[in-house]
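K.L.:
Heads up: the sequence lines are chains A and B, in that order. Take 1 as the starting number for the first sequence in our numbering and just add one per residue. Take 1 as the starting number for the second sequence in our numbering and just add one per residue.
Simulated from the structure, these hints should not be mistaken for laboratory data. All values derive from a computational prediction rather than experimental measurement. Among the hints, a few may not be true.
Because identical chains share one entry, a pair is satisfied inside a single copy or across any pair of copies.
Keeping only pairs whose Cα atoms sit at most 25 Å apart, straight-line, the calculated SDA-like set for lysine to any residue is [stated by the list, open to error]:
no. : residue 1 : residue 2
1   : K105      : E79
2   : K105      : N23
3   : K35       : N8
4   : K105      : L11
5   : K45       : P58
6   : K35       : V52
7   : K57       : R42
8   : K45       : F56
9   : K35       : E118
10  : K35       : M51
11  : K57       : Q97
12  : K105      : T28
13  : K57       : L116
14  : K57       : L92
15  : K57       : N91
16  : K35       : E68
17  : K57       : F102
18  : K45       : A63
19  : K35       : V10
20  : K45       : D25
21  : K45       : H55
22  : K105      : T47
23  : K57       : A98
24  : K35       : L9
25  : K45       : N91
2 protein chains.
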Amino acid sequence: MENISPPNLVLGRHALIDLSGCNPDTLTDYAYIRKTLTQAARLAKVTVVGMVDRHFKPQGYTAILVLEESHLSIHTWPEYNYVSLDLYSCNLETDFQAVQAFLAKRFQADRSEFTLLERGCSRATIAPMASMPSGIAYPLS
Amino acid sequence: MENISPPNLVLGRHALIDLSGCNPDTLTDYAYIRKTLTQAARLAKVTVVGMVDRHFKPQGYTAILVLEESHLSIHTWPEYNYVSLDLYSCNLETDFQAVQAFLAKRFQADRSEFTLLERGCSRATIAPMASMPSGIAYPLS
Numbered sequence: 001m002e003n004i005s006p007p008n009l010v011l012g013r014h015a016l017i018d019l020s021g022c023n024p025d026t027l028t029d030y031a032y033i034r035k036t037l038t039q040a041a042r043l044a045k046v047t048v049v050g051m052v053d054r055h056f057k058p059q060g061y062t063a064i065l066v067l068e069e070s071h072l073s074i075h076t077w078p079e080y081n082y083v084s085l086d087l088y089s090c091n092l093e094t095d096f097q098a099v100q101a102f103l104a105k106r107f108q109a110d111r112s113e114f115t116l117l118e119r120g121c122s123r124a125t126i127a128p129m130a131s132m133p134s135g136i137a138y139p140l141s
Numbered sequence: 001m002e003n004i005s006p007p008n009l010v011l012g013r014h015a016l017i018d019l020s021g022c023n024p025d026t027l028t029d030y031a032y033i034r035k036t037l038t039q040a041a042r043l044a045k046v047t048v049v050g051m052v053d054r055h056f057k058p059q060g061y062t063a064i065l066v067l068e069e070s071h072l073s074i075h076t077w078p079e080y081n082y083v084s085l086d087l088y089s090c091n092l093e094t095d096f097q098a099v100q101a102f103l104a105k106r107f108q109a110d111r112s113e114f115t116l117l118e119r120g121c122s123r124a125t126i127a128p129m130a131s132m133p134s135g136i137a138y139p140l141s
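Only chain A is shown next, with the shape it has when bound in the complex (with noise of 0.2 Å):
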């Protein structure tokens, strides 16, 4: 697990996980992959809200749940047997290790790559933005 940059107010925190080596039959069975989104949802004790999804020509599925708690989306790559799925959520109580656990073996992963960070707001007001010059990339924190 890496942990970068904890901000001082906490609000989320948010899991970046990439399947490698997966089944390709689990990659183009797209009710499958909705079941699997649904069943994460609710391990990681979030509410889903909302769903939109997409197919894209020659292949590939993107499929996102709006939740309460913030967000959980998938995007495959049947090419490469990849997909790359977030999960961010504001419940403190999500187990994300179990939830890529979950995930890699529903996608019969070779490979899971997990990274976790928190996310949130600063109450501190380093530098205003107005004050910089324009066209100056802000400072990288």
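Position chain B against the provided structure of chain A, taking the given hints into account.
P.N.:
Relative to the frame of chain A, chain B by itself:
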């Protein structure tokens, strides 16, 4: 900019942008937020193919654009003058820092935190999931 564990095959890049000290008027004007996302997508050289949004009580708003190149999302916390954005793009021409600067300006943020990660798969199989005991977290990259 932070760059964590680049996988062997990079399929996209993902920016996490956290803006604090925003102008509260910008966080409750949903048409303004949607227009901002549309403009950010254009700046990022990505194509919008879908959208979903939800309002929350007592406050808070989520909007997610589905892109041909992955997704662009926003979650607002007006009570903290904070917004959390993600731009995940498979277009290698996307200028993430330009998008960050644009978003910070549109929300009149005092502070902008930015993390950029590569997303993608590894062609190497490190340890088959099936060989691992159940109930044990998968190894983290």
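K.L.:
If a hint holds in the structure, say so; if it doesn't, say that too.
P.N.:
Structure-based check of all given hints:
1. K105 <-> E79: So K105 and E79 pass the 25 Å test inside one copy only (19 Å; across, 39 Å).
2. K105 <-> N23: within (10 Å within a copy, 44 Å between copies)
3. K35 <-> N8: For K35 and N8, the Cα distance exceeds 25 Å both inside one copy (36 Å) and across copies (30 Å).
4. K105 <-> L11: between (29 Å within a copy, 22 Å between copies)
5. K45 <-> P58: Intra 35 Å, inter 21 Å, cutoff 25 Å: inter-copy only.
6. K35 <-> V52: both (14 Å within a copy, 19 Å between copies)
7. K57 <-> R42: between (30 Å within a copy, 22 Å between copies)
8. K45 <-> F56: between (30 Å within a copy, 18 Å between copies)
9. K35 <-> E118: neither (27 Å within a copy, 27 Å between copies)
10. K35 <-> M51: So K35 and M51 pass the 25 Å test inside a copy (12 Å) and across (21 Å) alike.
11. K57 <-> Q97: neither (32 Å within a copy, 29 Å between copies)
12. K105 <-> T28: Within. Shortest intra-copy distance 16 Å satisfies the 25 Å Cα cut-off; inter-copy 40 Å does not.
13. K57 <-> L116: neither (31 Å within a copy, 27 Å between copies)
14. K57 <-> L92: Between copies, since 19 Å is at most 25 Å while 38 Å is not.
15. K57 <-> N91: Only across copies: K57 and N91 sit 16 Å apart there, 35 Å inside one copy, limit 25 Å.
16. K35 <-> E68: both (18 Å within a copy, 23 Å between copies)
17. K57 <-> F102: neither (28 Å within a copy, 31 Å between copies)
18. K45 <-> A63: So K45 and A63 pass the 25 Å test inside a copy (19 Å) and across (21 Å) alike.
19. K35 <-> V10: neither (30 Å within a copy, 27 Å between copies)
20. K45 <-> D25: Neither way: K45 and D25 sit 28 Å apart in one copy and 32 Å across, limit 25 Å.
21. K45 <-> H55: Intra 27 Å, inter 20 Å, cutoff 25 Å: inter-copy only.
22. K105 <-> T47: within (22 Å within a copy, 32 Å between copies)
23. K57 <-> A98: Neither: 32 Å inside a chain and 29 Å across chains, both beyond 25 Å.
24. K35 <-> L9: Neither: 34 Å inside a copy, 28 Å across copies.
25. K45 <-> N91: Classified as within; 7 Å inside a copy, 33 Å across copies.
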